[in-house]
Amino acid sequence: MTVEEEKRRLRELLGRRVRELAPDERSRGDAAVCRVILRLEAYRRASQVLAYRALPDEVDIGEVVEHAWGAGKRVFLPVMDPGGGLTFRCWQQGEQLVRSDFGVEVPPGGEGPAAEPSIVCVPGRGFDRRGRRLGRGRGCYDRASEFLATLGPTVGVGYSCQVVDELPYQEHDRPVDLLVTERGLLWASRG
489 MTVEEEKRRL RELLGRRVRE LAPDERSRGD AAVCRVILRL EAYRRASQVL AYRALPDEVD
549 IGEVVEHAWG AGKRVFLPVM DPGGGLTFRC WQQGEQLVRS DFGVEVPPGG EGPAAEPSIV
609 CVPGRGFDRR GRRLGRGRGC YDRASEFLAT LGPTVGVGYS CQVVDELPYQ EHDRPVDLLV
669 TERGLLWASR G
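For the sequence shown, the residue numbers in my numbering are 489 to 679.
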């Protein structure tokens, strides 16, 4: 089996694991993950939070976004451009989001993040105990990783059922700096 075939197999398996979680289990998991993120030193130091709007099979970090706004932090959401690049736009509290060409809710406009202390929350299909991340296969976060690393630590966000011992890894894959699930902080290289 090639690395790409193994990644495809794992995306299906780990996606199924999340879909099989009961709604109340997911809600409790979402809340627990948010509590862990809010306790991170990297979050407390950050003046900016690069977040995401959860897709149906991702951890909902809306509570982190609400807390960030309440604490006077600026919030940014990812926007994928037609070429597969990833940029971030500021999302103001109360601002209505629009659906992108890729079906994801994004801010209608707004500037990108400044070179200030930030925390970057990154969803994933799966993670391993070394901080390696398995995304959806487009490579958007991997390509943006150099830029994101200049802002602050990247925090992989997932459920414990998405964590495996080891993921297949290729040269272009970029690990996260911290890994958070409902069970707590599982891995950290910085932050």
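FYI, nobody ran anything at the bench for these hints, they're computed from the structure. Just so it is clear, the structure is predicted and the values come from calculations on it, not from any experiment. The beta-carbon is built from N, C-alpha and C at its ideal position, and this holds for glycine as well. Hints are supplied without guarantee of correctness; some may be wrong.
Stated by the list, open to error - Each pair of labels, with its calculated beta carbon distance range: (1) P596 to A510: 14 to 24 Å; (2) G600 to G550: 28 to 38 Å; (3) D589 to R617: 31 to 41 Å; (4) S515 to Q658: 27 to 37 Å; (5) R499 to P570: 31 to 41 Å; (6) E500 to G591: 15 to 25 Å; (7) H555 to R671: 12 to 22 Å; (8) E554 to E493: 21 to 31 Å; (9) E583 to R523: 21 to 31 Å; (10) E494 to G598: 12 to 22 Å; (11) E599 to M489: 42 to 52 Å; (12) R504 to G558: 20 to 30 Å; (13) P596 to G558: 18 to 28 Å.
Distance restraint evaluation - R499, P570, Cβ atoms, bounds 31 to 41 Å: Check failed, 23 Å falls outside 31 to 41 Å.
S515 paired with Q658, Cβ distance criterion 27 to 37 Å: holds (35 Å)
R523 and E583 - C-beta distance against the hinted 21 to 31 Å: The hinted range 21 to 31 Å holds for E583 and R523, with Cβ atoms some 26 Å apart.
E500 paired with G591, Cβ distance criterion 15 to 25 Å: holds (20 Å)
Supplied distance hint 21 to 31 Å, evaluated on CB atoms of E554 and E493: The hint (21 to 31 Å, Cβ to Cβ) is violated, given that E554 and E493 are roughly 40 Å apart.
C-beta pair H555, R671: status relative to the range 12 to 22 Å that was hinted: holds (20 Å)
Whether the CB-CB distance between D589 and R617 falls inside 31 to 41 Å: Because 36 Å falls inside the window, the suggested range holds.
Satisfaction of the hinted span 20 to 30 Å by the C-beta atoms belonging to R504 and G558: For G558 against R504, whose Cβ atoms are near 36 Å apart, the range 20 to 30 Å is violated.
Hint check for G550 and G600 - Cβ pair distance inside 28 to 38 Å: Violated - the Cβ-Cβ distance for G600 and G550, about 22 Å, lies outside 28 to 38 Å.
Hint check for A510 and P596 - Cβ pair distance inside 14 to 24 Å: violated (35 Å)
18 to 28 Å as the expected CB spacing between G558 and P596, which holds or is violated: The hint (18 to 28 Å, Cβ to Cβ) holds, given that P596 and G558 are roughly 23 Å apart.
Satisfaction of the hinted span 12 to 22 Å by the C-beta atoms belonging to E494 and G598: Since E494 and G598 have Cβ atoms about 38 Å apart, the given range 12 to 22 Å is violated.
In the structure shown, a violation is registered for the earlier hints numbered 1, 2, 5, 8, 10 and 12, in ascending order.
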